[in-house]
Every structure is written in C-alpha cells, then in structure tokens.
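Student: The residues making up each chain are set out below.
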Amino acid sequence: MDTQTDATGRTTRARTTPGTTAPDKTMSLRDAIARYVHDGDTVCVEGFTHLIPTAAGHEIIRQGRRGLTVVRMTADIVVDQMLAADCVTTLVSSFVGNSSAGSLGELRRRVEDGRLTFEEYSHYGMVCRYLAGAQRLPFYPLRSYGGSDLPRVNGQLRKVTSPYPGPDGEPEHVYVVPPVNPDVTIVHAQRADRSGNTHVWGLTGVQAEAVYAARTAIVVVEEIVDASVVRSDPNRTLIPAHAVDAVVVCPRGAHPSFAQGYYDRDGAFYREWAHISKDPRRLAAWLDEWVYGTEDHAAYVSKLGRDHWERLAVDEALSIPVDYGRRR
Amino acid sequence: MDTQTDATGRTTRARTTPGTTAPDKTMSLRDAIARYVHDGDTVCVEGFTHLIPTAAGHEIIRQGRRGLTVVRMTADIVVDQMLAADCVTTLVSSFVGNSSAGSLGELRRRVEDGRLTFEEYSHYGMVCRYLAGAQRLPFYPLRSYGGSDLPRVNGQLRKVTSPYPGPDGEPEHVYVVPPVNPDVTIVHAQRADRSGNTHVWGLTGVQAEAVYAARTAIVVVEEIVDASVVRSDPNRTLIPAHAVDAVVVCPRGAHPSFAQGYYDRDGAFYREWAHISKDPRRLAAWLDEWVYGTEDHAAYVSKLGRDHWERLAVDEALSIPVDYGRRR
Amino acid sequence: MTVPALAPTSSEVLAVVASRELAGKRTVFAGIGLPTLAASLAHLTVAPGLEVVYESGVCGAHPSHLPETIADSVLITDAEAVISMPALFGYVLQGGHIDVGFLGAAQIDRWGNLNSSVIGDWHRPDVRLPGSGGAIEVMANSREVFVVMRRHEPRSLTDALDFCTSPGPDRARADGIRPRGAGVTRVITELGLLARGGPGEELRLTAVHPGVTVDQVRAATGWELDVADGLAVIEPPTIAELRLLRDTVDPDRIYLR
Amino acid sequence: MTVPALAPTSSEVLAVVASRELAGKRTVFAGIGLPTLAASLAHLTVAPGLEVVYESGVCGAHPSHLPETIADSVLITDAEAVISMPALFGYVLQGGHIDVGFLGAAQIDRWGNLNSSVIGDWHRPDVRLPGSGGAIEVMANSREVFVVMRRHEPRSLTDALDFCTSPGPDRARADGIRPRGAGVTRVITELGLLARGGPGEELRLTAVHPGVTVDQVRAATGWELDVADGLAVIEPPTIAELRLLRDTVDPDRIYLR
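Chains as they are written, first to last, in the numbering used here: chain A, 53 to 380; chain B, 53 to 380; chain C, 220 to 476; chain D, 220 to 476.
Please keep in mind that the hints were generated in silico from the structure rather than gathered at the bench. Take these hints with a grain of salt, some might be off.
[What the hints assert, rightly or not] Dumping the calculated EDC-like pairs for lysine to aspartate or glutamate here, alpha-carbon to alpha-carbon at most 16 Å:
hint	chain 1	residue 1	chain 2	residue 2
1	B	K211	A	D165
2	A	K330	A	E224
3	A	K211	C	D394
4	B	K330	B	E164
5	A	K77	A	E224
6	D	K244	D	D297
7	A	K355	A	E368
8	B	K211	D	D394
9	A	K211	B	E224
10	B	K211	B	E224
11	C	K244	C	D340
12	D	K244	D	E363
[Claimed, not checked] Which residues of chain B face chain A? A few of them, derived with a C-beta cut under 7 Å, are:
hint	residue
13	F191
14	V212
15	S214
16	Q312
17	H327
18	I328
19	H360
20	P373
21	Y376
[Stated by the list, open to error] Label pairs and their in silico Cβ distance ranges:
hint	chain 1	residue 1	chain 2	residue 2	range
22	B	G357	C	T467	31 to 39 Å
23	C	L225	A	H327	50 to 58 Å
24	A	T141	D	G416	53 to 61 Å
25	D	V346	B	T169	56 to 64 Å
26	C	T228	A	H327	35 to 43 Å
27	C	V265	B	D367	48 to 56 Å
28	C	T228	A	D359	47 to 55 Å
29	A	D348	D	R369	38 to 46 Å
30	C	V346	B	G221	33 to 41 Å
31	D	V433	B	K355	26 to 34 Å
32	C	T467	A	A365	24 to 32 Å
Yeah, the Cβ is synthetic: ideal placement off N, Cα and C, and Gly gets one too.
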C-alpha cells in the first residue's frame, strides 16, 4: 500500500485490488517523463483551463527536454514556462493568451522575434485534429475557416468537395484538418485506478480525444483510488485503461489551474504571471526558484505553503448518486 | 407537484424548481406523439439494446401514423411491431435481428417479400450519419466499407479523396456517409428535469448524437426529478435542455428492454417474440391485446402485473459520489 | 440596495445596450465580462428564457459567485450540463443551436470581419494577439454575432484588417464555402450602435449615445461610415436596468468598472 | 466441483481451441457465447491481461452473472468503463485498439470475406439475415479476426458469397481503400482449424480434430481447400481447461450446450 501525504496533511491511500490481473501502471512523474517524453517528440498537453498538467510540464523542464513540438488548444502559463526553458521549437495551438489575465510574455517575445514555429488553428480546428487522430481518420471536416486568412498561413487547412449535393443542388465544399497523433499525450485528472481507468468531472475538454489520438499516454491524477471506486460509476471513466500507459499520482499537479472539487484556480498567480513573464530575467529567476529549485512537484507544493492552499480550498458539493442496479 | 405511482407501487415525485425561468416541457406521451410525429416523417428511435423507447413506438401505433421512415441502428421488437401496424414504409438500420433471440418475423416477411424499403448500413455507418447530422456536416468519413457489397446496394455510401497524402505518399481514399437529420428523435432515459436536462447512465449508445441530429426531440424518462438532482451532477447530463422539445414521464417505458438501475431486460419476452412474430395472426392478436387494447403505457404496465415486474426488479448498486466543490 | 445616483459608467451603458439587443433570444454564446453582464441583465428583463452557453462546455450555469473566467469552477458546480469540447463545438455551435454569439476583436472591418491574431504581418508580428480561440466557429455558426468594442477608434474599426481571423459570410462565400449565419449584425461601442442585416450589407450607424454627433463617429471610424435613415438616439440606461446591474448582476462591481 | 468425466461437447472444444489462439493478446472484441467463453478461458490460462471490449461500449466488465447479451445489465454494473457508440467505434475500434475481433457469419469464402446480410439476392432475399451490426468495422479495424463456425459445410464455407457484408483486406484494396488489419486469420470449426497470415493469402487447413480426415474437411468445404505442410492434430481439451470452463466460466452451462 502506498501512502502519500499532501501539503494540507491529507493522506491519500492507493491500494491494489486483490484478485484482478489488471496491470499496475503507476509510476513516479520523474519515471513517466523519462520513459515517455523524448527530445524531438510531439507532446500533447491538454486540459481546457481546468486540469492543466502543470506538474508534468515542470518535470519536462527539469529533465531538460529539447526540440519538442507542443500541441495544446489554449497555450497557457505552463507552455510559456516550457518555452522559456528552451524545451519547445514548435507550438500547435488555437489560443496563445494568458487566459483573461494579460499576455504570455515569453510566447509573445518568441513569436514576435520569429524564434518559434507556430501552427495556428481555431479551437474547433484543434478539436477536429484530435478527433481525426483518435479515430485514425485521414482528415476531419468542419464548417468554419471559409474566408479566414488562417489557411493562407497554415497549409494544413485544406478543402474537400462533398460527394453529396448541397441543399441548393450545387456542389458543397468544406475545410478539413489533418489528424494529430502525438508521440505522447499528458492529461491531468481527479482520480484513477492503478491500471489507468480514469474518472474526470467538471470541464472534460478534449482529454479523451487527445489521449486516444496519442501513441502513448500519461495520466496524472490527484489520487489513485481502489478499482471499486471507479467501478461504482463506469460512465465516469472518461479514459479507459486500454488507452493509458502510465498512471502518476501527483496531488495539486494542476496548479495554478484547478481540479474541480479538489482546489480552486489560483487567479492571483495568473495575474502575477503577466508581470513575471514580461521580464525575461524575472521569468528566469522564477524558473530557477520554482522549477529547477524544487526537486519534484511535492516540493513545489510545500514551498507554496499551507496558507496558500488554504486560500484555494473548496467546500464539499457531492453529486447525488445514481443506481446502476444489481441482478438478484 | 405531480405524483405518479408505478406498477410496483413506487411513488415518483416531480417538482418544479422555484425561482428559475426554465421552460416546463413536460407533456403526456399522447400529446408528444400527436404534436411531434406526423405521417411521412423521418423518425429516429434510438437506444442501443438499453433504454429502447418502446412505449413511444406503441403510442405511434395507437395514433395510426403512416408512411414513416424509421431510423434506428438495431431494429428491435418495437420496429417489428411498428412494421406490423403498417406505420413504416422505409427502414434505415444496421442490424435487423431480434437481439440474439431469433428473428423479427414481420421485418423478415416484409423484406423478403419486397414490401419494405430498407437502407442498409453498418453500426458505425449509422453512428457516423448521426455524427454528421448532429454537427450539420455534409458527410462523415470512416475507415470501413472498402470492398463491401453494401455500397453496391446503398448509393449513399460514397468515396472522398483525402487532400493529405497517405503514409506511403500516395493519395488516400475513404468512404463517407451523409448526415441524417430526422424530423424527430425519440429516446428513453432514466431521469430529467422539467426543462429537459437529461441524465443517462449505463449504455449511452448514440442517444446524444441522435437527439442533436434531429429537428425536434422527445425525451421519455423513468422519472422527472427536481432540477437540483440534475444539477448536483452536470457531467451526467447527456442531453442538455436546449436540445429537447418534449419531456415525457413514462415509467417502465423501455420494456422489454431495460433501464439500468430501474428494471432488468425481459429476456423471456425477447425469446417469445421470435414465436409471436413468426405467425402474422398471432402478431396481430398480440398488437390487439397489448397495444390497441391498452389505453396508454400505464395500462400496459399494469396488465403485465406486479409479479412480472417483480421478476425484473434489481437490487441497488449506487455510484460513489464525486465532489464538485463549492467556493467558500 | 444601491441608489443609482451615480451616472452610468461606460461599461454599464455598453452592457445595457447589448442586453436590449438580446430581446427574445433563446441561446447566447458569451465570454466573461460585458457579454455575460449583458446576458444576465437580458435574462432579468427582455429575454427571460435566455440560456448562456460558455466556450468551456457549460450550459445553464447557476454560479454562486460572479465567475472570473469562462471555465471558473463556480460555473460548473450547480450547472445544468457540462459537456465536452467536441459536443460543445460540434453539436451545439456547429449544430446550429446558438442564436447570438458575442465576440471581441482587436480589429473589425465594415463587413464585420474580425482580427484577433496579430497587429502587423502574421509571420513577424508587431503584436502577437491571443488568436481565434473559438471565435472562427462562433462567427461561422451562430445565427448572428454581436461585437462589443469598448474603444471606438479608426485603428480598431478599420478599413483594412491586418489579418482576418474570423470572417463574415461574404468572405466565406468568396472562398467557395457556403455561409450559415448572418455574421456580425451589431457593433456596440462607446459612441453608438452599428448594425447590418447580413450577407452583402455593410455596417451602418443606426444609433448614437446622447450627445454624440455623426461627425464624431465618422471621425472615429476607419472607413467611410454610412448612416442609417432615421438615426436614433440610444435611450440611456433606465433606473431599473441600472439597479438590476448594480444590485443583482454584479454587486461587487467586478466587471462594472 | 464437476469431475470432467463427460467427454467434451462440441461447444467446449470450440471454446478451448479459440482460447488457445488468444495467447498473449491484450484486447479482444467479442460477442456473447463461444467468443466470450473463449476469452474468459484465455484470461484464466494463456492471456492473463486480456480485456474484452463489447460492442455495447463496455470495457473491463466484471459481471455478477453470465451475461445473456452484449448489453446485459450485469456487464454494466461494476464495469471499468462504459463508453458511447462514437467512442467505442471511433476511438477504440477504428482507433486501432483491438488485437482480435471475433465474428460469426452465415457464409465465409477462402479469403475470409463474410456474409451476414442475405441468402439469395439482396433486393429480394430468400432469407434476410440480421446484417452487419458492427461486423464491417470489426473486420476493417481489428489487427486480426477469428471466426467460429459451429457447422463446417460447403454452403457456409463457400466458393462464392451471396453477398459480401464484411470484406477482408484484399477486397478493400481492390476497391481502392487502404486496408488496415490482416482480416480473418483463424476459422475454428467442428472439423478443425483454418488459418491465413493476412492479405493475399487463402485460408488453409492447418489442424484437424482427432479422428477427422483431410478428405472429410475438403468435402465439407465449398472451395478447393489447401492443406498446410505439417498438418497438426488439435490437442483435445485438457482436464484443466474443461474444469475451468465448467466450474468457473459457465457453471450453469448456459452456453456450454
């Protein structure tokens, strides 16, 4: 039995289920990044504002990966940090702002100075790339992009003629996007069993599609739970074990984003990041102190301190159970 | 407050939520069918083995609709009954067997005698038609059908050339299906609030896509619950209110299929149907007794009797709640 | 209860004007800030059944606190539905369920095309902006689009976009793609209201705030602005509207700066 | 505990032979009946990590009773995951996560193409069969496909299908579609085992049950059946296999008729 204690002193227990032969895929974040993220890889880091796998991004920085292509709908603080740490040469994204709290300083500098290859899409364009990737389709059609300048700067946005006539009997054309099949997708979630059956609630974004699109997948979770917890509610399993290669327990690993029901978003840090990232020296100092200067995410969590986490704590709001029924 | 008592004596309560302006879309099954299902309509009746909207099919029969095109992945007993009642001229489907319990007698007779227009697909072909319909796409690509005889007998199965080269650099071709946009989709579910936010668990099939693909949608539920029940678990809302036109409470309306957690599948009836449907006179007598001879589904439910329902009753197996959290 | 003794602020005026344009609408796709203030006010006044759909996948939110982002945890807890991105963009937005989409932009042109990507050349921009997010899809799929522009000035309401991120229906058609919605039909600014009916029409000035002249608006607009016959003067926020905004919608004045 | 004194039934033999072919596999797509019996036995013997995925969307089932259908409520309660049809067919099956798909059919030809639609002409069939269900997708997307044919006779193992519902990779390629998996690699019948490696290969007889002759199999096959070098004789079910089948997998003998 593994026992972990997080910054608020809460103890999380992880148990194997006796009597099953499901493989145990749990490993440390350090081992998961070492094993599944290589220089030059295409790495998808998903989580739409919610459940952003920040801890995994920090571990990629600590291990000094280079030449990554990062795929992520909303490039967020963690992407700015990976850029500043020189891990990333190409970014595939549809929104490159610091949420509604200003700019991503490093990202802007690198794009404005021509030091970053940027493949720009819209949100649904990215969603459709994941959908095509997950379904191993050669392309995915969508109703947008007509008349946009994006296809002019992104040659991957192409057109297909429908083999069915349009409502007016004329031929119908639509834009399509190609699949994305990352070498590895990393997502954060609330809870999983040891073989990777993962419960996610609140905003679920495009996590399932991003995982299925990938060749390998790392799921970082707030807690490992007994298989019986997962199995009490199989519809909540957004990501089944067969799509998962590594399960990493890393409480509070989504900070400064949030984990619905576990801790709230650190809005103050988002606002602060606009200032930190504006100044390259201040940004470098931040990385030195908070990423290179912490051994792992547990150290980052304790460094933030109990008071900090207390401010992000939330009260309980439990779902009313549903009855799956049991044959007599 | 509405109070309904079902055949096992269980009382279900339906309350409006005070203080909201959400429209109340509840109505009787009779009114919903009268308002939303017209002669000649394309009617989608979905539910993959689970939650088949049988009661709605019976009400369509009682109201004597004619010339319907029925769209349904697994044509099941309810389709055989609608065929026998002369409601249907065209069937769009991917499986026309009586589950694993033999044949659908009426369907076989009509196809073998050339009296039914049958558009044949595979399961995923149907799923993709719903996906295209829900997304208002002109077509949806899939990796199957290559080399099948189905495109020879179903001109809707066509090919598109991908604008991206295949892995070997050569052009890549895939089959596509057209969208389906039914005039009305009818699904059965466990519970909904009065405005149509619908919780579904267990097998969820293609219900959300079928509802979003339709011009109008009827959701038939085992029980209407207070909005607070639905809102305690918003991820369980498979079908949001904005996609729903009518909410019908009709306990046990999925018999002889099942409603996970409410009652089990009536396997004996499936087996019996193979015999009933084999003989047109026996089938006509069955319709006379159980559909035309019952005023509504409540009458059908009581006619089956308490002992029958007792055999299909299930014990409780509650999901372990999740915590959505509440800001302090 | 606040006594609305204070003159309405610019944010309050914009929110009130936008709310009135939502009369009778059923579904609105909105970001946090002025659009949600407008939608919340409309819900209490001219559009009682209005549902706000958020880009994060939240439908029918009942937040305990005013949300800070479209993904705020208070929007999720107690919501009627929280759906995935493929469902939100595919089934709800592209599926045609949105009456009005609210969009912002750095630049808009006379046809209602929007730029939210770059100032300068895309390949080596003077300013890299956040980009589309879902704006391209909101524009392509909503029945109509409202734009709130706090600043009405020629570099924002421009004759020629530096880059067209989110095109209206005319540009779509010229690109061989069948357009769906009307594109931008309302631009609400600090000076007045610009409107167009749909494809083929330019944005025209249809109303001004009290005390604003047509010449003032023309001087602040980057193109030769057409003025509608019967130009109206916008009725200032009523006491009832201000009370609702200040006491019910945003009592902590988080967005009513 | 049952003492396996009884000689193995035909169903038991088929289940045991199929289970052995699953050695080392991780994921299998199976319908209820012989395929799930084979998978359950393999899980207890040659493929301990085997996961069965059901067409209904159930992954990692832990049923309290032997299920009657692929959608039985006992498969859902206590399952590890229950997913939608778009996810099941799109992400799992077409996404390439299935090692072995089990299929049945009314007819199979020497290339492993299957007919489950009609006997006779499609437009006016002598017998209308249930149709594809997901068989077309299982065939197109699984790494390989196993077929269990209870009856080995020329009208089932036929020289020419009445209709090709689920084509193997050779027919797909001829239609201009790039095939993905190997198609049918094993056909397990009451007489023996037919196998092929993949595209371009015919099904050949690789093993017979004890006491079955090659002539017998050839006579029961609708095409000129090729026989593999080193034709094997199938080892009868062991006592251990039979005990597991009878005591653990299907103690009520629901499928072990």
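Student: A separate judgement is required for each hint: does it hold in the structure or not?
Tutor: Hint-by-hint comparison with the structure:
1. B/K211 with A/D165: 44 Å, violated
2. A/K330 with A/E224: 46 Å, violated
3. A/K211 with C/D394: 10 Å, holds
4. B/K330 with B/E164: It holds: about 13 Å lies between the C-alpha atoms, which stays within 16 Å.
5. A/K77 with A/E224: 47 Å, violated
6. D/K244 with D/D297: 23 Å, violated
7. A/K355 with A/E368: 26 Å, violated
8. B/K211 with D/D394: Holds - the C-alpha atoms of D/D394 and B/K211 are around 10 Å apart, at most 16 Å.
9. A/K211 with B/E224: Given that 16 Å is the threshold and the Cα spacing comes to 15 Å, the pair holds.
10. B/K211 with B/E224: The given pair, whose Cα atoms are some 10 Å apart, holds under the 16 Å limit.
11. C/K244 with C/D340: 38 Å, violated
12. D/K244 with D/E363: 11 Å, holds
13. F191: Given a least distance of 5 Å, the restraint on B/F191 holds.
14. V212: Since the shortest Cβ distance to chain A is 6 Å, the answer is holds.
15. S214: Result: holds, 4 Å to nearest chain A Cβ.
16. Q312: Holds. Min distance 6 Å.
17. H327: 25 Å, violated
18. I328: Result: violated, 25 Å to nearest chain A Cβ.
19. H360: Because about 15 Å separates B/H360 from the closest Cβ in chain A, which is outside the 7 Å limit, the hint is violated.
20. P373: Result: holds, 4 Å to nearest chain A Cβ.
21. Y376: Status holds, d = 4 Å.
22. B/G357 with C/T467: 31 to 39 Å: 54 Å, violated
23. C/L225 with A/H327: 50 to 58 Å: Once the Cβ atoms are compared, 31 Å apart, the range 50 to 58 Å for A/H327 and C/L225 is violated.
24. A/T141 with D/G416: 53 to 61 Å: 42 Å, violated
25. D/V346 with B/T169: 56 to 64 Å: At roughly 19 Å between Cβ atoms, B/T169 and D/V346 fall outside 56 to 64 Å, so the hint is violated.
26. C/T228 with A/H327: 35 to 43 Å: 26 Å, violated
27. C/V265 with B/D367: 48 to 56 Å: 51 Å, holds
28. C/T228 with A/D359: 47 to 55 Å: At 35 Å between Cβs, range violated.
29. A/D348 with D/R369: 38 to 46 Å: For D/R369 against A/D348, whose Cβ atoms are near 58 Å apart, the range 38 to 46 Å is violated.
30. C/V346 with B/G221: 33 to 41 Å: Because 40 Å falls inside the window, the suggested range holds.
31. D/V433 with B/K355: 26 to 34 Å: Violated - the Cβ-Cβ distance for D/V433 and B/K355, about 60 Å, lies outside 26 to 34 Å.
32. C/T467 with A/A365: 24 to 32 Å: Given a distance of about 28 Å, which is inside 24 to 32 Å, the answer is holds.
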